[in-house]
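Peer 1: Each chain, written out:
4 protein chains.
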Amino acid sequence: MKLESADLQKIINGYYEKYKTLKTGHLADYIPELAKANSDHFGIALVTVDGKIFTAGDFSQNFTLQSASKPFVYGLALEAIGREKMLSKVGVEPTGEAFNSIIELEKESHRPYNPMINSGAIAVSSLISGKTFNERLGKIVHLFEQFCGHSIAVDENVFESEKKTAHRNRAIAHLLKHFAIIEEDHIDEALDLYFKQCSLLVNTVDLAKMAATLAGGGVHPESRKQIFTAETSRDILSLMFTCGMYDTAGKWAYTVGLPAKSGVSGGLFAALPGRFGIAVYSPLIDQHGHSCRGLKVLEDFSRDFALSVFSNGVR
Amino acid sequence: MKLESADLQKIINGYYEKYKTLKTGHLADYIPELAKANSDHFGIALVTVDGKIFTAGDFSQNFTLQSASKPFVYGLALEAIGREKMLSKVGVEPTGEAFNSIIELEKESHRPYNPMINSGAIAVSSLISGKTFNERLGKIVHLFEQFCGHSIAVDENVFESEKKTAHRNRAIAHLLKHFAIIEEDHIDEALDLYFKQCSLLVNTVDLAKMAATLAGGGVHPESRKQIFTAETSRDILSLMFTCGMYDTAGKWAYTVGLPAKSGVSGGLFAALPGRFGIAVYSPLIDQHGHSCRGLKVLEDFSRDFALSVFSNGVR
Amino acid sequence: MKLESADLQKIINGYYEKYKTLKTGHLADYIPELAKANSDHFGIALVTVDGKIFTAGDFSQNFTLQSASKPFVYGLALEAIGREKMLSKVGVEPTGEAFNSIIELEKESHRPYNPMINSGAIAVSSLISGKTFNERLGKIVHLFEQFCGHSIAVDENVFESEKKTAHRNRAIAHLLKHFAIIEEDHIDEALDLYFKQCSLLVNTVDLAKMAATLAGGGVHPESRKQIFTAETSRDILSLMFTCGMYDTAGKWAYTVGLPAKSGVSGGLFAALPGRFGIAVYSPLIDQHGHSCRGLKVLEDFSRDFALSVFSNGVR
Amino acid sequence: MKLESADLQKIINGYYEKYKTLKTGHLADYIPELAKANSDHFGIALVTVDGKIFTAGDFSQNFTLQSASKPFVYGLALEAIGREKMLSKVGVEPTGEAFNSIIELEKESHRPYNPMINSGAIAVSSLISGKTFNERLGKIVHLFEQFCGHSIAVDENVFESEKKTAHRNRAIAHLLKHFAIIEEDHIDEALDLYFKQCSLLVNTVDLAKMAATLAGGGVHPESRKQIFTAETSRDILSLMFTCGMYDTAGKWAYTVGLPAKSGVSGGLFAALPGRFGIAVYSPLIDQHGHSCRGLKVLEDFSRDFALSVFSNGVR
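Residue numbers (the working numbering), protein chains in the order written: chain A, 435 to 749; chain B, 435 to 749; chain C, 435 to 749; chain D, 435 to 749.
By construction, these hints were calculated from the structure, which means they are not laboratory data.
Don't take every hint at face value.
Remember, identical chains collapse to one label, so a pair may be satisfied in a single copy or spanning two.
In silico PhoX-like links for lysine-lysine, alpha-carbon gap of 25 Å or less [said to hold, decoys possible]:
(1) Lys519 / Lys685
(2) Lys659 / Lys730
(3) Lys519 / Lys730
Note that the coordinates shown come from a computational prediction; the quantities given were computed from them, not determined experimentally.
One chain only, chain A, in its complex shape:
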């Protein structure tokens, strides 16, 4: 079926009805706060590059960004320091390892493989410049507020919970410092910035707008503001495609074929370049940390309408 002629609201409603009773997956338990989420919550939002919005279910329910923040903070740092310096700090290669792997840092370059895994994202956060912690945090919050079109807050309970239990991320940060990928002296502050970024509260529509901005070459679907350059948007989408789904990136490319990113709190979004962004929120996740309902909706949607970037023009 051609997507052009389809009724998008009806499509979204259909996937919502189909999967609202699906109960597979589990709540994230690696930090206690996330385990308190309501496993019934399920929202879908699609935002076209020209600003049409379609929603279903709990689309206005807030959740923390977690790893869904990574592509955007990467874009922010990339535009500030440029490609060459960025590539000297964080690579662009997929890794067969999980999102929280530390192993690749021991290999030849001692750079994180890519900015979608924790080691890369922590390095990227440390590259956000600013005289004070608050100035740096302010830049990140401002970026996301531009996407959302409203002010956003840090979930302080999630932040504190994350901060307290994140021994693996703390290990990663010290190793990054050891290899001089993180340059600054204050490891604790660098991690706090990363944890704050992960703890920012958005809803499904906000996330879909963020995706739609990338799909639209960096232009916000409503404000029409150029938040990222077209080049940055393309680089982000490219990285999401090869690295966004961690060690299932290849399968995702093969079965869905859209650049996407998930967060362990249950957010999952994808972008069809030139067309739209779509986001799903449902906190029941699989063993890779991806929202189970989110995976189902995107797999169906891509298959039903041949959305893969590799079937473009011939569907």
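Chain A is already provided as a structure; the job is to place chains B, C and D on it using the hints.
Peer 2: For chains B, C and D alone, kept in the frame of chain A given last:
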């Protein structure tokens, strides 16, 4: 610049002139026959999905397919045995390792990570069915003749050279047999089939037509014959994108953003879905086994016209 | 208790009685012939460096040497080519990997880590010189006949079974050839020699004499012939200690503390330098390929009499 | 030559004269304080299990223990918590990796491979019990004072230098906490204890007495006090043998054949069970962190008198 309004012949000529004096790289030396190639040879061909052909340089010079054969034989096997069985034999995940790696076979699944590396491609060749060796080889040759539109031959010198020196590939085949990925009894015959496939002779235009067929959803640009289904074409392009350039796949996605595949003899091709296939032949290769001139032409072309699948619609 | 004052025959009998009803473990199944062994068989033999022999149970039952051959063929090759050349081909470092690992060959040196794992042992076999296959095999057979004091034979059924199913070892041999560790052209012949060596038939007393020769600085306990130099004996014992029990070498050193070697057919032997060799045969093996009864007897014996080389002089 | 009949003082003097002009190696530079050592310093001490002392050169020069402390603190913890609990926290297998590796923690068990590498030693330090930091440090200091026979101090400059730069060790500690190998809450305190232990000041004679205690089954050569049980001493020697020289453990076993341990500050000691301990101090180290002069002296000594534990009784 918009590609639609560009003069493709002029563009091709421009890249040819720009890089014909480039002498970086070396001739493949892992088999003696390949080291006999003429390092001056340089051909470019672009074929649109509706059959327009643009060429420059030594576009009619024959060379052996080598790894450029892998995506197509994968498609042949995939259509014969189906996705489910294929995924049980060969995965779709990129690996951080080189094209001839054997390490991933020792990991949990004992499956090759993907069909673009040697282990996966050898497994795929062994999946081509047929009562006799010649029947199986016949299927592969027939496939490529449909792409080329003329009869093609095996370079027997390259085949013999490859067969004699391929101790690493032989090791891989025995390990695949050990793990029951290769089911048949005759390892030597399975390898011979793979070496024959790698030794098939094509020219740059042939290769561009193969790429254009994938770009066109499996429909041949000239004969209009549906050689692969649209689904198979999409799956092949998806695999080329995430795995086709081996351990530089991520960088390729980031800097070029087109599904592509290279062969160690100097062929390199890419496809822009819905638009065209492009191929470059030049036997001087870099340390990853990619044609140096080929890389330059494709990097320039993608950057100059924003061809990345992730800038689609917004270039 | 001091071993000097102990009645060795009584001790051996005690362990035999204690463990003859133990049924843990399984028969080796990786080659069909080995799975035909009688799981009740259980023999113990202790031979002192001055030729006293103590036995219990099925000590005259024949079994194939398998990996128990490795230390001795290593000694044969070492004395022929010298330390320097040997170290250029095969290392002396323990590996955390299993006995049939192939991974270490991909690492920096491309040498097998040590001669106790299959890759190292295959490389060592290929270093035995001789104009013909039979001459090379003859050297190996002669070596073992010197230890046993009688003629020995190859179990041709085991040899054929091994040869037919050894795809992993065949993979290893091709990779060794690829990295020029194996120099000769005939991979198949090199492997045949290795399989023949593994298929040589000995009994528990034979194995204990082999161990006693190493314990006695290379001097055979009965014939008083210097089969290996004292240096070679020491090198072999050293390698057995750090690498002989594969990935459980550290635990073995910690709990038993004697140089030892096991074979997958159920033979296990150890040497106390200056004192004796001891061998156990029982074909029920654990997941590491070590004889279960053999482990029990040696653990008890070492603990009961403080035999560890590191408690020497203070027990 | 038989060691029994040799003049030990003359032997020690000989090695001292032979190597005092050797200038190979470099000063440890990973912490600034160690780089301030005097590269001319060179001391040798041999202490027999019955308390005879032989010395040469700068045997009374103080240096920090560094990794030479690891075997002894391991013994202290082992006697306190028992073998079973210890093995659940820290393994006994050699690793092919370097002393500061973090990779093995990601593997199946998440236990450090052994207590001779940093991850294992940090885990061991965290197992020393005590209500306060000072109580725990007091236990460690007391242990070493028993060996030395005099009070010892922490080099506070080295401690501070180590503490400030140890990002890799800090990463290891957080990963150990993540995997619940370290149970206590205060990572910083656990690391401080480890850094203090590494910064304890001893001289070459002290170190030789420590070694002689292990050689004597835990009985101090002078005080005749049983500092460790015979079993603990044997376990420590066993671990030193298989793991003490890190990724060169196999070569060390093959060429020297004595349980040994080195520290990056230039101390190196070995023990011949039942006979003596020997220590060398010289701060010029090789790329593995072993004292270059120390290696030479011990290699010569072992070869000249066939000291390997595997030639025992037959030299």
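Peer 1: Now look at each hint and say whether the structure bears it out.
Peer 2: Hint check:
1. Lys519 / Lys685: between (31 Å within a copy, 15 Å between copies)
2. Lys659 / Lys730: For Lys659 and Lys730, the Cα distance exceeds 25 Å both inside one copy (32 Å) and across copies (34 Å).
3. Lys519 / Lys730: Cα proximity of Lys519 and Lys730: across copies only (22 Å, versus 38 Å in one copy).
In summary, the one numbered hint that this structure violates is 2.
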